[in-house]
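Engineer: Here is how the chains run, residue by residue.
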Amino acid sequence: MTAILELQNVGYRAQENQILQGISLSVGAEDYLTITGPSGGGKSTLLRVLASLLTATEGKILFKGQDISEKDPIEYRRQVSYCFQQPTLFGRTVADNLDFPFQIRNADIDVAKQKSALEYVGLPESYLSKKITELSGGEKQRVAMIRNIMFSPDVLLLDEVTAGLDEANKDIVHNLIEHFHKDHHVTILAVTHDATEIAQASHIITIVKGKLEVTK
Amino acid sequence: MNLDVSNWSLTLAGLLVLVAMWIGYREKLGIDREIITAVIRAVIQLFVVGYLLKYVFRVNNVFLTLVMILIILFNASWNAQKRSNGMAHALPISFVAILASTGVTLGVLILSGAIKLIPSQVIPISGMIASNSMVAIGLCYRSMNTKFRDQRQSVMERLALGGTVRDASIGILRESIKTGMAPTIDSAKTGGIVSLPGMMSGLIFAGVDPVRAIKYQIMVTFMLLSATSIGSVIACYLAYRNFYNSRKQLKDMPNND
Ligand SMILES: Nc1ncnc2c1ncn2[C@@H]1O[C@H](COP(=O)(O)OP(=O)(O)OP(=O)(O)O)[C@@H](O)[C@H]1O
Ligand SMILES: [Mg+2]
Chain B
1 MTAILELQNV
11 GYRAQENQIL
21 QGISLSVGAE
31 DYLTITGPSG
41 GGKSTLLRVL
51 ASLLTATEGK
61 ILFKGQDISE
71 KDPIEYRRQV
81 SYCFQQPTLF
91 GRTVADNLDF
101 PFQIRNADID
111 VAKQKSALEY
121 VGLPESYLSK
131 KITELSGGEK
141 QRVAMIRNIM
151 FSPDVLLLDE
161 VTAGLDEANK
171 DIVHNLIEHF
181 HKDHHVTILA
191 VTHDATEIAQ
201 ASHIITIVKG
211 KLEVTK
Chain R
1 MNLDVSNWSL
11 TLAGLLVLVA
21 MWIGYREKLG
31 IDREIITAVI
41 RAVIQLFVVG
51 YLLKYVFRVN
61 NVFLTLVMIL
71 IILFNASWNA
81 QKRSNGMAHA
91 LPISFVAILA
101 STGVTLGVLI
111 LSGAIKLIPS
121 QVIPISGMIA
131 SNSMVAIGLC
141 YRSMNTKFRD
151 QRQSVMERLA
161 LGGTVRDASI
171 GILRESIKTG
181 MAPTIDSAKT
191 GGIVSLPGMM
201 SGLIFAGVDP
211 VRAIKYQIMV
221 TFMLLSATSI
231 GSVIACYLAY
241 RNFYNSRKQL
251 KDMPNND
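So the sequences go chain by chain: B and R.
With the first letter of the first sequence counted as 1, position 74 gets the number 74 in the UniProt record's numbering; the numbers rise by one all the way through.
With the first letter of the second sequence counted as 1, position 130 gets the number 130 in the UniProt record's numbering; the numbers rise by one all the way through.
Okay, chain B solo, but in the shape it has when bound (with noise of 0.2 Å):
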């Protein structure tokens, strides 16, 4: 299997502070890692820096055997998508957050796509014209997933996206991710606490003090 991502001795510090250290580590095309590790450990930081919303401060990363640092950031963004720990969502209405992907590729609105997407993450069609302010936490979690994969990128990094939801909303995002990693062929790094989500992981790594721990 190819590395879709590779970090070559990744260390990442702000100011003083040494967040990340050393970090090497190679996932393969259509992989499914899971990320863990004790809280303030770095795993949001280390999904930034994948991201390109950090720039590494020591090592490199490529991306399909390219260093990341030379290609277009906003590009590489589409491709590698970083959907947030407790992400907020913008605008005034649902519509505005779904409208997004499609605006900045200057593509025409796929409204029936949107309506699909909801309701695959089990939200009725007409919460396209919801305020986002009447939105319960949960529902918030699931549009802001939408909108990472309104574009089915090629990597989606998830940063505890099921925390705080109950059962029956963890299965609808479980089942999400699900479907874009198996019938979207997308690589998935998802940073989790949770759990089940580590007992059923295939390949998991747990991040401790800014280094990378164990992998399994």
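Just to be clear, a hint being listed does not mean it is correct.
[As the list claims (entries may be wrong)] Heads up, incomplete: computed chain B residues facing chain R, CB under 8 Å, no partners named:
{"id": "1", "residue": "Ala-51"}
{"id": "2", "residue": "Leu-54"}
{"id": "3", "residue": "Phe-90"}
{"id": "4", "residue": "Thr-93"}
I should point out that these hints are in silico values taken from the structure, not numbers from a laboratory.
Cβ coordinates follow ideal geometry from the N, Cα and C atoms, glycine included.
Guided by the hints, dock chain R with the ligands onto chain B, whose structure is given.
Structural biologist: This is chain R with the ligands only, laid out in the frame that chain B set:
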């Protein structure tokens, strides 16, 4: 026309400052020193400028007039840039924005024959335009700083979804341009109702027929609307990229305001 303010009336008016200081002292506002410096600065600056203008008007030399205008533009840029909270390139950006807004507005006024190309008209009008532009640009900077901090998360999310820095900033840009123009629009709306604007008051004071004075005031209103919109748009569009680094990532921001 009796427009002479005697030294005696100035002194009496100066006593009013003491009222301000007394209130400041009673209410523990801690602004006594500030009032004193403000008063002294105002008196000295105005006297110096008064004599300087007298000289410039008398000499009526194009080069000297241009130098005066450049000094005004530079001072305005300097003051606007102070509001930017350490943003990179704030001075050149402010200068370009103020130069363009003043240049365009002044150019139209001169070409249309509304004002003549003589120092006693061009210099005061430049000052009026540049100072309004300066205030507008300062407000734009302040607004952008606050909004990029408050909306950091949603800006980052737009970037993470593959938006360009423009896609990620456009909302903040629009709001900041509006903020910059708001005082001018407000004062245009209330002009004549809440206050008689400076230029009109001055003309009426000097004995000009109020209807003629109004025409001038309408011109001033148009010119300030144009100047603040041009200034705000240019400053905001030149400035927002400073909030990102070359890798199109949102920069860390200083936390002090
Ligand atoms: N911009 C920054 N400047 C300084 N320190 C930072 C910055 N961002 C994060 N940190 C620190 O880096 C460490 C790792 O943070 P990170 O958010 O990556 O942890 P995490 O593993 O995702 O934790 P959690 O499981 O709680 O989400 C923390 O100690 C955090 O305080
Ligand atoms: Mg985290």
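Engineer: Look at each hint and say if it fits the structure.
Structural biologist: A quick look at each hint next to the structure:
For the restraint placing B:Ala-51 at the interface with chain R, the shortest Cβ-Cβ distance is roughly 6 Å, inside the 8 Å limit, so the hint holds. Restraint check, B:Leu-54 versus chain R: the minimum CB separation of about 6 Å is within 8 Å; hint holds. Hint status for B:Phe-90: holds, given a least beta-carbon distance of 4 Å to chain R, under 8 Å. Hint status for B:Thr-93 relative to chain R: violated, with the closest Cβ pair at about 14 Å, above 8 Å.
Hint compliance for this structure: hint 4 alone is broken.
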